[in-house]
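With these hints in hand, go ahead and build the complete structure from the sequences.
Number of protein chains: 2
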Amino acid sequence: MATIHDVAKKAGLSVTTISRVLNNRGYISEQTRQKVYQVMEELNYHPNEIARSLLRKRSHVIGLIVPSVSHPFFGEFASAVEHDAYQQGFKLLLCNSQLDPVKEKEYVEMMRRHRVDGMIVGSHTLDVDAYKDIQYPIITIDREVAEHPFVASDNERGGELAAQLLIDRGCKKIGHICGNLHLHMLSNHRTTGFQRVCEQHDTEYVVFQTDLDAFDQSSYASIIADMFTQHPDLDGVFATSDMMAGLVVKWCMQSGISVPDQLRVVGYDDVGHASWMSPGLSTIRQPIQEMGEQAVRTLIRQMNGESVEQKNILPVELVEREST
Amino acid sequence: MATIHDVAKKAGLSVTTISRVLNNRGYISEQTRQKVYQVMEELNYHPNEIARSLLRKRSHVIGLIVPSVSHPFFGEFASAVEHDAYQQGFKLLLCNSQLDPVKEKEYVEMMRRHRVDGMIVGSHTLDVDAYKDIQYPIITIDREVAEHPFVASDNERGGELAAQLLIDRGCKKIGHICGNLHLHMLSNHRTTGFQRVCEQHDTEYVVFQTDLDAFDQSSYASIIADMFTQHPDLDGVFATSDMMAGLVVKWCMQSGISVPDQLRVVGYDDVGHASWMSPGLSTIRQPIQEMGEQAVRTLIRQMNGESVEQKNILPVELVEREST
Numbered sequence: 001m002a003t004i005h006d007v008a009k010k011a012g013l014s015v016t017t018i019s020r021v022l023n024n025r026g027y028i029s030e031q032t033r034q035k036v037y038q039v040m041e042e043l044n045y046h047p048n049e050i051a052r053s054l055l056r057k058r059s060h061v062i063g064l065i066v067p068s069v070s071h072p073f074f075g076e077f078a079s080a081v082e083h084d085a086y087q088q089g090f091k092l093l094l095c096n097s098q099l100d101p102v103k104e105k106e107y108v109e110m111m112r113r114h115r116v117d118g119m120i121v122g123s124h125t126l127d128v129d130a131y132k133d134i135q136y137p138i139i140t141i142d143r144e145v146a147e148h149p150f151v152a153s154d155n156e157r158g159g160e161l162a163a164q165l166l167i168d169r170g171c172k173k174i175g176h177i178c179g180n181l182h183l184h185m186l187s188n189h190r191t192t193g194f195q196r197v198c199e200q201h202d203t204e205y206v207v208f209q210t211d212l213d214a215f216d217q218s219s220y221a222s223i224i225a226d227m228f229t230q231h232p233d234l235d236g237v238f239a240t241s242d243m244m245a246g247l248v249v250k251w252c253m254q255s256g257i258s259v260p261d262q263l264r265v266v267g268y269d270d271v272g273h274a275s276w277m278s279p280g281l282s283t284i285r286q287p288i289q290e291m292g293e294q295a296v297r298t299l300i301r302q303m304n305g306e307s308v309e310q311k312n313i314l315p316v317e318l319v320e321r322e323s324t
Numbered sequence: 001m002a003t004i005h006d007v008a009k010k011a012g013l014s015v016t017t018i019s020r021v022l023n024n025r026g027y028i029s030e031q032t033r034q035k036v037y038q039v040m041e042e043l044n045y046h047p048n049e050i051a052r053s054l055l056r057k058r059s060h061v062i063g064l065i066v067p068s069v070s071h072p073f074f075g076e077f078a079s080a081v082e083h084d085a086y087q088q089g090f091k092l093l094l095c096n097s098q099l100d101p102v103k104e105k106e107y108v109e110m111m112r113r114h115r116v117d118g119m120i121v122g123s124h125t126l127d128v129d130a131y132k133d134i135q136y137p138i139i140t141i142d143r144e145v146a147e148h149p150f151v152a153s154d155n156e157r158g159g160e161l162a163a164q165l166l167i168d169r170g171c172k173k174i175g176h177i178c179g180n181l182h183l184h185m186l187s188n189h190r191t192t193g194f195q196r197v198c199e200q201h202d203t204e205y206v207v208f209q210t211d212l213d214a215f216d217q218s219s220y221a222s223i224i225a226d227m228f229t230q231h232p233d234l235d236g237v238f239a240t241s242d243m244m245a246g247l248v249v250k251w252c253m254q255s256g257i258s259v260p261d262q263l264r265v266v267g268y269d270d271v272g273h274a275s276w277m278s279p280g281l282s283t284i285r286q287p288i289q290e291m292g293e294q295a296v297r298t299l300i301r302q303m304n305g306e307s308v309e310q311k312n313i314l315p316v317e318l319v320e321r322e323s324t
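Residue numbers (the numbering used here), protein chains in the order written: chain B, 1 to 324; chain C, 1 to 324.
No incorrect hints appear here.
Think about it this way: if two alpha-carbon atoms lie no more than 25 angstroms apart in a straight line, the pair counts; the simulated BS3-like pairs of lysine-lysine are:
(1) B:Lys35 x B:Lys9
(2) C:Lys10 x C:Lys35
(3) B:Lys10 x C:Lys105
(4) B:Lys10 x B:Lys35
(5) B:Lys105 x C:Lys10
(6) C:Lys105 x B:Lys35
(7) B:Lys105 x C:Lys35
(8) C:Lys35 x C:Lys9
Calculated from the structure, these hints are not laboratory results.
Encoded structure:
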């Protein structure tokens with residue numbers, strides 16, 4: 001089997017140069033890089049990354065825990081994280097917690113055993129305590145855990161923008177559907193911002209929370225049905241995700257309520273389907289690409305022992321389409 | 001730092017038993033397992049998986065290459081693969097090729113260096129040749145590459161079911177939007193099945209292919225616009241993904257065409273949003289969970305040197321909702 005020395009010899013380069021190409025470190029001309037890859041291919045040389053990890057004490061692997069990449073927001077977020085991690089020379093180990101605390105705990109432990117260099121946690125099933133004692137780089141998404149840095153969108157501002165839009169469009173009684181407020185997620189601030197603006201304008205509102213472990217359509221559908229049964233006079237809805245907002249629009253269509261004429265709907269996230277559903281969904285845009293990038297970059301700075309901001313709050317933007 | 005011997009001693013068990021718990025092999029009572037975990041926690045013992053991988057010559061890591069988990073089908077597929085891999089004791093390294101051949105090639109090489117135990121490839125950017133010479137376990141999704149086993153849904157039957165439904169509902173001229181047929185994907189058989197049924201019933205149809213590297217909404221939107229401009233008399237559309245079908249419905253709404261009264265639409269996949277968009281989308285259901293499971297199980301059998309079926313074709317199902 002070919003060694004790095006064989007590659008260096010055949011390429012007419014030093015072992016250091018080959019190593020720099022492999023590790024993507026320092027300046028290497030594109031020509032040299034191509035030459036090295038070509039010789040590696042000719043000699044069928046495949047560096048053993050596992051052995052190298054042991055020597056380097058770095059695996060160049062980042063662990064990502066999300067509830068599930070089948071959820072549109074987390075699918076797009078995982079894609080953004082993977083994209084940026086790849087640019088920075090890191091691989092991504094993907095863990096879907098499925099909101100199962102046992103699975104999430106096993107994953108945290110597994111990642112520790114596998115010596116991932118750091119972890120990005122977008123799940124919120126485990127009690128914060130489980131993450132408090134973790135001694136290696138970790139970034140949380142939309143949740144504040146001890147002193148760990150977090151990345152979030154400006155949730156409070158998002159809630160304000162949503163309420164203001166609905167009030168500007170003439171809504172007199174607004175329904176708000178949000179995640180369970182006992183979970184201590186930073187996304188709870190969406191509700192805070194929403195309520196404040198409604199109160200400033202003396203606009204009536206009702207708040208419906210999902211169950212603690214609710215993350216699927218059927219549980220959302222029953223909350224929506226409950227809300228409209230108890231409050232048939234709603235003329236606006238602010239839902240805390242585009243998925244929920246989509247289900248609200250569907251409920252209206254099936255109930256003969258015209259959107260936006262009789263009821264206006266605002267979502268949160270601006271995932272892909274918000275633009276291709278009909279009517280197009282007005283929503284609060286989270287900068288998903290930038291959030292993924294910020295999480296990766298902050299994590300890498302942590303790994304390198306650099307100081308990092310604890311609170312990384314990125315701006316949101318109102319995107320108005322046809323549903324308001 | 002605690003060793004496995006310290007754990008065994010404190011738990012009053014043999015090193016072999018501790019090892020079996022760690023490797024999840026052989027029968028271990030729940031009581032013993034709990035005891036081992038408890039002692040590991042007390043001693044703050046974290047087995048180094050990297051070192052163990054080198055000894056075992058197995059990393060227990062599966063690599064998954066998909067175009068992007070932000071695409072609804074691949075998000076749900078990745079979630080299914082991860083779920084089943086976890087059940088079988090494997091971790092998932094996620095790679096989004098973003099349909100970039102350079103990135104995909106680097107990933108294949110990177111996975112080789114990292115000694116993943118096997119690879120599931122749902123991307124289709126690289127020329128099939130790139131996968132031909134791979135000597136370790138690999139499963140492809142919806143594509144036949146040399147002798148490697150593949151997992152696919154029964155695409156031809158799906159195309160037949162879609163055409164039959166539209167014809168049964170009275171459509172006289174059907175538009176079909178599909179991926180680029182030069183890509184040699186098994187999903188091309190959807191078109192074959194669709195065409196056969198249309199021809200059997202003397203039903204007029206037109207076929208529009210996406211560009212080779214098209215995977216985003218804007219390119220789909222322009223194909224849809226072209227199709228309706230050239231054929232304003234269409235009364236049915238079969239789109240090769242639910243995402244495309246959603247865009248067709250949106251185009252109709254914006255153009256004042258009523259779905260399903262004036263135009264009936266069938267998608268393919270049955271991803272989550274097919275049921276929560278409005279009108280609910282009639283579609284051909286791919287068994288995404290089962291496809292993920294089949295890919296993982298077949299890959300593991302390959303790793304273990306067992307013989308496996310090359311063609312793993314899973315049945316599809318027509319799900320009729322409001323769009324037809």
